[in-house]
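Here the protein sequences line up with chains A and B, keeping their order. Residue numbering for the first sequence follows the working numbering, starting at 1 and increasing by one per position. Residue numbering for the second sequence follows the working numbering, starting at 1001 and increasing by one per position.
If you're looking for bench data, these hints aren't it; they were derived computationally from the structure. Each residue gets a CB set at the ideal place from its N, CA and C atoms; glycine is no exception. Be aware that a few hints might be false.
Far from chain A, by Cβ distances over 10 Å, these chain B residues were calculated [unchecked claim]:
| hint | residue |
| --- | --- |
| 1 | Thr1013 |
| 2 | Thr1019 |
| 3 | Val1022 |
| 4 | Thr1024 |
| 5 | Ile1031 |
| 6 | Val1042 |
| 7 | Lys1051 |
| 8 | Gln1059 |
| 9 | Gly1078 |
| 10 | Leu1098 |
Pair ranges (Cβ atoms, derived) [stated by the list, open to error]:
| hint | chain 1 | residue 1 | chain 2 | residue 2 | range |
| --- | --- | --- | --- | --- | --- |
| 11 | A | Ile609 | B | Ala1067 | 21 to 31 Å |
| 12 | B | Leu1023 | A | Phe620 | 16 to 26 Å |
| 13 | B | Glu1094 | A | Gly618 | 31 to 41 Å |
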Amino acid sequence: MVNLIWLIPLIPLGGAAVLLLLGRMLPKSLIKVVAPGTIFAAFLLSLGAVMESGGKPHEVVLYEWLPKVDWGFLLDPLSSVMILIITGIGFLIHVYATGYMDHEGGYYRFFGYLNLFVFFMLILVLANNYVLLFAGWEGVGLASYLLIGFYFNKKSAGDAAKKAFLFNRVGDAGFILGMFCVAALTHGSLAFRDLHGLTAGPLLTAAAALLFLGATGKSAQLPLFVWLPDAMEGPTPVSALIHAATMVTAGVYMVARSSAIYSLAPEVSAAISCIGATTAIMAATIAMVQTDIKRVLAYSTVSQLGFMFMAAGVGAYWVAVFHLMTHAFFKALLFLGAGSVIHGLHGEQDMLKMGGLRSEMPITFWTMAIAALAIAGVPGMAGFFSKDEILFYAYLNFKSVFAVGLITAALTAFYMWRLMFLTFFGEKRTLVHAHESPLVMTAPLIVLALGCGGCSYYAAQLERWLEPVLHSNHSPDIGLKHVLMAASVFAAFTGILLARYFHASTGPLGPLTKLAQHKWYLDDIYDFVFVRGLGMRGGEYLGSFDRRILDGGINGAGLVTRFVSRASIWADTWIVDGLVRIAGFSAMFASLPARIVQTGFVQSYALVIVAAIAAALGLFWVK
Amino acid sequence: MITINHYLAVSATLLLIGTLGVLTRRNIVVILMSIELILNAVNVNLIAFSKYHNQVTGQVFAIFVIAVAVAEAAVGLGVLIALFRNKGSVQADEVDLLKW
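Put together the whole structure using the sequences plus the hints.
If you want it as structure tokens, here you go:
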């Protein structure tokens, strides 16, 4: 089965092809089976392949794509974890979406795109070289674009899709340049197996920095994170699958995959931690003042991705992957729960108009509560262990990042429980009669909730499982770990308690509130510098440059040509034609004497003859 | 006694009349007739010298001239009729297309 790993991405591709090409003709009930079915088949195949490989790296090369670059798949412990997350959680979200999208148009299109996304995501994580990874990387970007703009009648959705695409392009430019550097380092092979044994140097540092620029685009880090909150214009299952659980973690996966490079570039790694920490706290503060339920979760995702990069930056790659995994569970669950709430309230997303939904939507409430406890870092839940490991390694390697991380952990607990209190507790602030979602939607919630509680206990196994791929600097300082654990638990409960009392507050951050409400003015800065500055003003300058200089040059060339052609016409008329005419006229004038002789009048010829004879006779006579 | 000089005088007179006719008359028919006069002036001349030298060569030559004159008259009149059909006129000064 391990030789069949190339089939894993192919099955969703088949599903996507069928749905997108024939979907219009298929009955809805069939689509409901086909779309999740392909993902489930991929999941079973992944499970079989992972079990059979037993953690040994296994490569399947289909054919040589470019010189030295194969179309090859690599199943090793890291990609095993990723494909199980993608197909497993992807399957649950597909099932959920069959219920959530029931009343929406474009059913087949939605699931076709979703299957296409899973295909590209699997290509991304199964690739055995950077080029194939990049193909998947771009493919998920495309699927993300299509799904953010799924409600294409809405202008805001189309704008958000374009924004996501453009911001990703900026990152991708960095990724491509990074690939060039890697190609130079590995003599054109770009395969992951050739990354080992590299030596540090400026080129390697450049490769690390440029690849990370790609990661900041895809994984929504500073300075490129502003597209992710807008991406919430897409349907909620899309937000759960693409913009929380899988695609946005591609950057973290890529950094972990390139750990051989990053471990040799300590400056870049330090920068990654700093950027991760800054992004985490910035996004957390913004999440604290949002009122749209999905936007809170979007900023939370940005913040959690920041945590993952913190871990990757301090060299704890396996912890980053661990947090990626737990985050996939609880954030998918949170998004699906939020979707269930929105579904129950017929499209209402404003938390200020919710409240008191606990009794009306019990399953949604309890499952979301588990996820909220997990993300807050309450002991026994998924997020607790992973976040704790991150803080532990940050403390060992980078104290200031640790401090920021601890504060962010408290903020995380606050904004998440603010969401819970506003949504499920207190007075009901809407007249809409909410209803609990159908079983196809609640069942995935329950499964994910079990995962949130369960997967956390496998931290040690995961570390051992990932050991062959991701170098881990294991520290046995158990005492210190317990102290830090206590600190983070304290932070979590502080956050939850504060949320209990201040969740209705409009200014939870005091003087910083305004800053957070305006998203730290990042969008405004982009607007000012790029849209208005470079775009409009620059456009004006370019326009006047075009009009004055380029057009001037062209018009000048035209004038010169016209002048030259006038001169040429003059010369042609008076000199060339003149010569020809002179030749003609001179022949005419020369012929004039000869011409007048020929009168055409027979008798004059006769007269000449007679005269000539007379003259001849006369001459004869004279002689 | 009619001497050869008389014949030559008649011949010269005929030649002169014929030449003047060819040069001055406008009607092509008259011009053709004038050409006949010139030919006959030659004939008179030939026969006069034939008698004078007592040789028949001149007379034979005169018969040739008459034969040629007949042919010439036939061709000339044929051309004349074709010309008349095309132009409706037989005036020599109106037929002057062959010029520059």
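Enumerate the violated hints, using their earlier numbering and listing them in ascending order.
2, 3, 4, 5, 10
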